[in-house]
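Residue numbers (the numbering used here), protein chains in the order written: chain A, 1 to 259; chain B, 1001 to 1435; chain C, 2001 to 2132.
Derived from the structure by calculation, the hints contain no laboratory data.
All residues carry an ideal CB built from backbone N, CA and C; glycine is no exception.
Among the clues, some could well be false.
[Stated by the list, open to error] Partner residues are not named here, just some residues of chain C that face chain B (Cβ under 8 Å, in silico):
#	residue
1	Ala2007
2	Leu2019
3	His2024
[What the hints assert, rightly or not] Partial list, computed: chain C residues near chain B (C-beta under 7 Å):
#	residue
4	Leu2015
5	Thr2023
6	Arg2044
7	Asp2052
[What the hints assert, rightly or not] What follows is a list of derived Cβ distance ranges for each label pair:
#	chain 1	residue 1	chain 2	residue 2	range
8	B	Thr1413	C	Ser2020	46 to 52 Å
9	C	Asn2049	A	Gly244	32 to 38 Å
10	A	His189	B	Arg1085	52 to 58 Å
11	A	His17	B	Leu1035	25 to 31 Å
12	C	Asn2049	A	Asp34	24 to 30 Å
13	C	Thr2023	B	Glu1241	56 to 62 Å
14	B	Val1129	C	Ala2004	24 to 30 Å
15	B	Val1129	C	Pro2041	55 to 61 Å
16	C	Ala2004	A	Pro159	45 to 51 Å
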Amino acid sequence: MPSATPVIDVRVRHAEHVMGTVVSFDVPASARADGSLDAAIRWLHWADRVFSPYRADSDVSLLARAEITVDGCAPEMAEVIAACAFIHDLSGGYFTASPGGQFDPSGYVKGWAVERAAALLSRAGSADHLVNGGGDVQCAGGRGAGEPWRVGIADPLRPGRLALVVEARDCAVATSGTAERGPHIVDPHTGRPAAGLASLTVIGPSLALADAYATAAFAMGPSLARDWTDCLDGYEAFAITESGKTWQTPAFARHLTPT
Amino acid sequence: MATAVGPRALLAAIAAGAAAVLALWWHSTLSLSGLGGWLTGAGEILGLLAGYAVVVLVLLMARIRPIERGIGADRLARWHAMGGRYVIGLVSGHALAIVWGYAVTAHASPVSETATLLTNYPDVLMATVAWFLLLGVALVSARAVRRKMSYETWYYLHFYTYLAIALAFSHQFADGAAFTSSLVARFWWSVLYLLVATLVIWYRVWVPARDFARHKLRVAGVRQEGPRTVSIYISGRRLRELAAEPGQFFRWRFLTRDLWWQSHPYSLSAVPSDELMRITVQDVGEHSAALASLRPGTRVIAEGPFGAFIPDRTNRSVLLLAGGVGITPLRAMFAALSGTVTLIYRASTWQDVVFQAELDAIAEARGATVHYVVGSRQDLGGDPLSPTVLRRLAPGLHRMDVYLCGPPGMTGTAVAALTEAGVPRRRIHFESFEF
Amino acid sequence: MRRAILAVTATVAGLVALLSFKTHSSERTVAAAQPAASLPPGERAITGNVADTAYGPVQVQVVVKATKIVKVNILEQPTSTQNDLQIGQFAFPRLIAETLSAQSARIDTVSGATYTSGGYVKSLQSALDNGA
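I would like the entire structure built from these sequences, with the hints used as guidance.
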């Protein structure tokens, strides 16, 4: 028989509209009490103000229009730019902070901001929490009673259904795909939408990297992505092609769980 | 006498159809409230009426014989033009009301709601293209613009309305609240569209082709009637079956290399026999000028007969009043009518008078009277067709049925003069050539 | 010109007449299900925010037992046209069935391509996030 204490009673769930999507929190009640949940939410809004390409007065927009230099931006900007450059080189150019020639590091920023929000909660003392930024998840610990978090992966070909359920403990799950917003991921080399994959999921320690890797791999298309994700150290991938077939990197299996 | 659908009957049918369309909206709407509900409801009603009205407009121009006969091509063309302007209003009102109404209900801005409608709702993009096509056709049909282009260019541009109707059709079923949940509504709406499409193909494609094969019309000869007027004789077989009445016209298509793609209306200028028809044309444009050089043997497609300008033979006392080229249909009537028939032929100069020998011969043979009123106003000292003159030339005028044909200016003043001379309006018949 | 004014006036008057007849005083047309007054023990009802869709407002309620969704009620849905009723009859039950099958895997969250909010999804998400 399962434990008599329902896990749901000591946890707090919160959904925050920010960055053009919804960020969902599953945190212990202590995070609400000690203000770390509010701090994490404030952090996300701050990141939105600084990095949003849709606000004319954000650092990203000003930098894109060359109205300020990197030195004039928040210090985090330099860190973001350096990280994007690293992933750009690692992915052979398939991840870029300047899609279409316009400076816009959103492909890295969202995962990075959510990861930082989760880190905020950890520093305040939470051992088990989950932050889901519009479909990209950073977990700490598990769902309680020693069990890992159970993360469903949406089936891109049948909306409303799950393709897979993975177990995640102290790691991130990021998915890139076309299911929600159509072909918005563009191959920087051709300038046209990537074809061949319906969705690609990357699991690894850091959501910032997992999100960027998933975006880059998706843009590569099925064959290149498979070889590239095989080489990623510490990060595993699972993909669903437009025809419904799936493939995964060899070590991905340890995240699987009988559903 | 072939069947004829009169103007009142047709208008009643159109009104009944509109009422049925409104009933459809009524039945599919349970309740509404708030500004968003009102705007959306208005948009739905306007959309349904527009979808119905375009079909009516096509029907008016489908050259359906009983309707042409009962109402007349000129009046149908006028109704079509007026209705066309109204339909543009309906379609535009529908688009704007729907966008606004949806935006209010969804608490979104009209701009973002437009984007949502265009990208998320099926077939709305096509319907929007259709709307712009209709606006374009309306623009080139405006008198100011139409004057600057050739008739043929305007005519072929107008065909884009068919494309617009086709493009807009699917969004009615995919997005229209009255249709998405009612198979019965979709069925009858489809029947309506299919019926009109069939009528169009029947009367504008099949019948002319059938008549062409059956009657084998050819140019038999061309005769110069005056300096700028020619008669074209057209031979064929079994022409009696066409049942053309004096006063009616056909739409003629002469199959030469330069003229085959144009069709023009000309009245019969003589009572047709089983083997011969005659039209008389004045040289006023490119097409009519080219007719003078038609070679015998040229094949002809004649669509018709059309026109409601047919003498009512119950009144034995008739006045025919012709101005200039308007003599053409009246010449045919003059030869066909019996009783007390008076013909007044108004022309600017004697050179413009045609058929004089024929008219005199007919007058003598049938005991009818011809009056030639020739000359400018100055020559004749005043209005040559004043009520006084008319009463003098046609005694007992107030008891007569008057058939009037001529240029618009002359027709207008003649109607006024006749009315003043005591002829009741219902006994004045005329057909306008301008359509 | 006079005919145009007449046509426009008559059309507007006709529209107003038709629309007035169908206007009902209630601000919102509310759907059938009322939130359950008393639930079996162990079950809790969580009500999502009202989402404004282009057809009207939609509000969803989930009934939760322990960590599992056992029932989904549509508290508010547009019912002002036959089309709305049809959606209510057919579409919502299908969406609900799919929701329940998704969550019967006992998951805590879903990873998928980044979403912006759609009316129903947003409502269910907020119901899940509001519960606890």
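Verification of the supplied hints:
| no. | hint | verdict |
| --- | --- | --- |
| 1 | Ala2007 | holds (6 Å) |
| 2 | Leu2019 | holds (5 Å) |
| 3 | His2024 | holds (4 Å) |
| 4 | Leu2015 | holds (5 Å) |
| 5 | Thr2023 | holds (6 Å) |
| 6 | Arg2044 | violated (30 Å) |
| 7 | Asp2052 | holds (5 Å) |
| 8 | B:Thr1413 - C:Ser2020: 46 to 52 Å | holds (49 Å) |
| 9 | C:Asn2049 - A:Gly244: 32 to 38 Å | holds (35 Å) |
| 10 | A:His189 - B:Arg1085: 52 to 58 Å | holds (54 Å) |
| 11 | A:His17 - B:Leu1035: 25 to 31 Å | holds (26 Å) |
| 12 | C:Asn2049 - A:Asp34: 24 to 30 Å | holds (27 Å) |
| 13 | C:Thr2023 - B:Glu1241: 56 to 62 Å | holds (59 Å) |
| 14 | B:Val1129 - C:Ala2004: 24 to 30 Å | holds (26 Å) |
| 15 | B:Val1129 - C:Pro2041: 55 to 61 Å | holds (60 Å) |
| 16 | C:Ala2004 - A:Pro159: 45 to 51 Å | holds (49 Å) |
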